[in-house]
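Single-letter residue listing:
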Amino acid sequence: MAFCVAVIGKDNAPMYLTTADMEQELDLQYHVHAALDVVEEKCLIGKGAPESKELYLGLLYSTENHKIYGFVTNSRVKFIVVIDSSNVALRENEVRAIFRNLHILYTDAVCNPFYIPGESLTSKKFDRAVQKLMSGNA
Amino acid sequence: MQIKPIITYSGSCPLFRSLESQILNAIPLDTCEWRRTFQRPTKHVRLEAQTQQFNVAPLEKYKQGDWSILEHPILHIFVTECNDIDTYKATIREEIDAWLKVLNSYGISDWMILLVETLDMRKTKNFMPRTTVLDKIRLDFGSKNDDRCISVLNPAKFEQKSTESFRCLVQRIRFLMLTSYNRNIVKYEEMIRGKREKRNHEGWDYRQYFFMQEDLALIFEKLELPTEALIQYDELDAMFSQFITLTGFNEKQQWLGHFKRPLSAFHGICLTRLDRFEMREKIREEGVSLLEFRNYLFERQAYLLLTSNDIPEIAKRLLNFLFSTLREVEFIKLECQEGALCCWEFVCALEVLQLCEQAMEPNEVTCFQHCAPIWNLAKDKLYELGKLCGLLPGCTPTSEQLHIVVQLSSGIGDAPPDQPQQFLQATPHLRDRSPNRKPKKSAAQQLKEALGSNQAFQKLYLELAELAISTYKHVERLRSARLVGLDLGNFYCALNEPHKAVGFFTDLLRELKAENWHMLSSQTLLELANCYRKMGDSLAYTKTCSSISCCVELETLVRTFYFDEFLKSMKTLKTTLSAQPSSENANFCVLEDHFRILDIEVLNQKPIIQDDQVLVQLKLESLYPRSVVAETIKLCYELQATPLELAMENVSLTATPSAQKVKESTSRLKVELQLVYKQDNRLHSASVACDMPKSKQPVRRTSSTKRKLLPSVQGDFTNFVQAENIALQPGVNCIELKAKATRVGNWQFKQLCVSMSSLEFLSEQLPFAAPCFEISTKPASATLEFKTLIAGIVQPISLNVSGGSFIFPADAKITLRCSKNLRLRQAQDTHDDASFESLLQVPLLHFKSFEERNIPLEVLTDMPGRKVSKHHEHHIALSCPWARSELQIPIEFQPAMEATCRLHTCGTQKFLQVIMKGLDAHLLLHHAKVKCDVPGVQLLDLNPMPQQPIEIYKSLTVTYLYEIQVEPLKTEHELPIVKVHFVIKYATLTQPEVWRSYGCAFDLVDYRTLFKLQAQLEPNELCRLRTVCNMNLKISKVHENPYTDLMYEVLNDQNLWAVCGRSAGVVSMKDVDSHSISLDVMPLSTGFLPMPSIRLSKYTAGGKTKADAHSKVHPFPPGQVYNSTKSMQIHVIASVAENQ
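Quick mapping for you: the protein sequence lines, in order, are chains A and B.
Number 111 in full-length UniProt numbering belongs to position 111 of the first sequence; there are no gaps in the numbering.
Number 759 in full-length UniProt numbering belongs to position 759 of the second sequence; there are no gaps in the numbering.
Honestly, I wouldn't trust all of these hints.
Taking lysine-lysine pairs in the DSBU-like style, the calculated list, with each CA pair at most 35 Å apart, reads [claimed, not checked]:
hint	chain 1	residue 1	chain 2	residue 2
1	B	Lys619	B	Lys738
2	B	Lys929	B	Lys917
3	A	Lys132	B	Lys333
4	B	Lys1034	B	Lys1126
5	B	Lys619	B	Lys787
6	A	Lys42	B	Lys316
7	B	Lys333	B	Lys316
8	B	Lys1098	A	Lys10
9	B	Lys89	B	Lys43
10	B	Lys187	B	Lys4
11	B	Lys619	A	Lys124
12	B	Lys316	A	Lys10
13	B	Lys473	A	Lys42
14	B	Lys89	A	Lys10
15	B	Lys787	A	Lys10
None of these hints come from the bench; they were simulated from the model.
Throw the hints in and build the complete structure from the sequences for me.
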């Protein structure tokens, strides 16, 4: 369902990145990195109205094969999900659900007292759950 | 295609035709307010119209529900010029009635009856009929809607007067048309909905539905409602997509077959068509390919957006349009030539971009935000085509590829005939381009040219890439811009122009490194290494290889390969580097890419003494896959700012500088004291504030220049610790760095520099708060500490040596040299006085810097045999290893005791009394002895032989008595002075066994008795109070002497005795041996009174010489006059008279 899931720290450094297809990994990483531009833009626009704190940023941009969605938490951690754009059956709501679940997973992972905030996420449990989420049966 | 609302006319058709042109021309002249249903906003609309003769056919369709709002007549007008009521009643009325019935039968209520007045009724006012035809018509038909019946003066006949009535008519027509639209649109929309519901029914045709809804859209467009028109198109668009993607291509949707024609042509969209509805006709008549249909739909949408002046939206929609169309093509499995879709995408993209570029000001960022990815897409598509057609750098198209080019070129289609921007002129605010700007070639033409030759292709590709980058940069999407830069860099590499590519790669690398995208940055490094190798820039190549070999993300094989390259290249560097005029600092590398500083620890004990070795342990993790040898590793340190300055910086204006020193650890919160004062300087409030640094924006760009690829600054390496020729193993290395501490101060480590060959790896910033150390210096000193010192006995004294920062040699010693009679030794238990020396060397064994050592010493000085108690002054000279000159320390002693002597006389017998007076010390005395070396003089010890030593202490005196016997043969003249030595042994109470001698020399002078005095009171021995007694004074010469004139004085106590008469007198002893003097004295008190004492003095009479005008009296020394009656007491009894 999702090609790539990335968790990007508040300083824009990747904390976690997984791709469904290893061959595409490099390409996807570049795309995820470039998507930060749009996240930046959207966050700047949202700056005017802080009350309407919508964490879900929606579609950041799309390419022929990919649709890239973004989500930013209150602690400025960004989630980027790359979705196969040929999957037309995927509704926006489902993307939202992916992010919601990802947010929960992330929160669980960083609640680990042994996790140092800002470090990359190496939790196997988190990884398993994200893989499951990516394949669409979370 | 003309879209004009249709108005039908019936009745007097020729009459209407005569008016027709006038009416039709007048309708668009003015706007009319359109009150819309469902509270939609009112709008002023400018209408157009066309006329038809009344015809039942469209109404038939209307009734059947198979009508198009576009073709449906919107208003029906019945025209008559009947002025006569009778004719009206006879014929017209029925005609109208029949007309209305027909209309009613079709459910149409949009009608109007127009009465054209050709006769001037007003002129014949006199015989004006009671009711006019108009009244009658209104009465008959317009009972509810009399506004639908209107009369107008025939403008052909009453040119001046008709204006007003004609204006009314046109206004009414406009109004009624809009009213009709209100009704018809609602009805039409209902019909569309109904039709849509049936979309899954057998035989339903999308195309029919499409035209139906498009008609509505066209009407909206006509009615100047582009947004609502757009909604219709959007609905159609979405519906079409849904059909294709969701329901798929199955039997039910037979109509899809019409779109399933092969894509022989793949013209792009064209936003500047002359006939915008060319395709509509084609769709209706011949059927079109999916691509053409999609193009048409997008063109329409774009046009409507342009009308509503929303060009950015066109750009925004483009990508989605392209991608979804591609997906649709894929879904319905359309066959098309390879590259065809790329061409199509490319042309579409360029078309939109040209529009945007022409219409948009550069500051309209929203548009360019959408344009940037389009540029990128165009670039990518061109690349794909180039790949397909063998146009990439280094390729030459094969004949097959040439064939493809030909096929594609034909499919792209020709640009629509050149037209002077008719389409774009619709928007008033197109940018004025400078006239010398070349008119852009059409997208299709550009593509064809690019496909034509390698050069043109490269030119276009580079142009597009640069445009994509600059547009991305313009909208501040730097990351995306760098990503395009990557493609461009690769292209340049393929062009064999690596020097051009390097810039793009380094930009990208900087961006990625700044945000710690290690995997991507290591990939970029690989590209860079490739470039540098091609360029032959061995320095940069070496550096890049080094960086690559330290990328943990890469595979070991790759890393080791580049590591070998690095070593190989570094060897060649030495020779090549000097030849190259390389820019300054080119040999600097970022240390953090290759090493990780884990820990820095100062090994020395604190504080470090100046000129000592500073030892620093550095824990450095090497990221190289194998071991490397660093020629030098230097760690520089700089003087630390004083804590006070730092504290001042952190104090806000309201706060008073807190005494607490703020340490510069970054993790600490800036907590401040804030004091707010009132106007009269009284404290208003005190608070503690924590000033958090403003939280950064969510994804604020960490300025790309923040992290540099090259450390530009080399720190101040004047002070550094270093190690040389260190082999650094992969992983953690512990390295000991050394330096001589030269300057005093508080130092902090700043930068690490690892040098390998000609490369210098410089750290940007130490990853943790660098440890501080202090180099200090302090003068060494030696002092003597003592309390009141007593001469003659062993006294403790302490030598205090404070090492300071002096570094002591192992055999350091302090030499103490004493003044005379002073001796020293180190404190010890022995009582042997021989161990005291006047020159003492105190060894300072293992004396460390800053050590403080107290060395106990003992001093001993002789008690000099002086009679007077006075401080004995001595001094000790210290010569220390750190000082060249001697240090004189004055030192004073107080005597332990003092001895005095007195000479006593008894007649001619002489006695010597020695008085020992105890002072500060508590001593034991023993073995007192006198010695006289003068022959003929003997001293007879009269003291009892003591068994025990005598204790003496402060304020206690001990007396020894000796009789002096001078042999008579020895005359006094021979011995004017007799020297007597008094020697006594003493010991302290603490060390009673150690006896020291105390000697004292006395000089005896005038020890011979010269005169003897005798006094006698008469009556003898018994006196009465206040009775005058006779005192006889007898002075007799005992030995011959030169003193002839003597003066006697009676020195009496005024309370005891009163002398009657002279109490003093001068006698001459010349030639006489004795003299008697009688005096009268009277006792004044009863009891045993001492005899009045008599003083005898030498008398020198004055006046004999000029110098001695006065007489002089000299007392005798005590030994020369013996008063035999001294201390005799007289018993005085009360007088008789008083008794009585």
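Taking each numbered hint in turn, which are not upheld by the structure, reported in ascending numerical order? Per hint list: 5, 8, 9, 14 and 15 violated.
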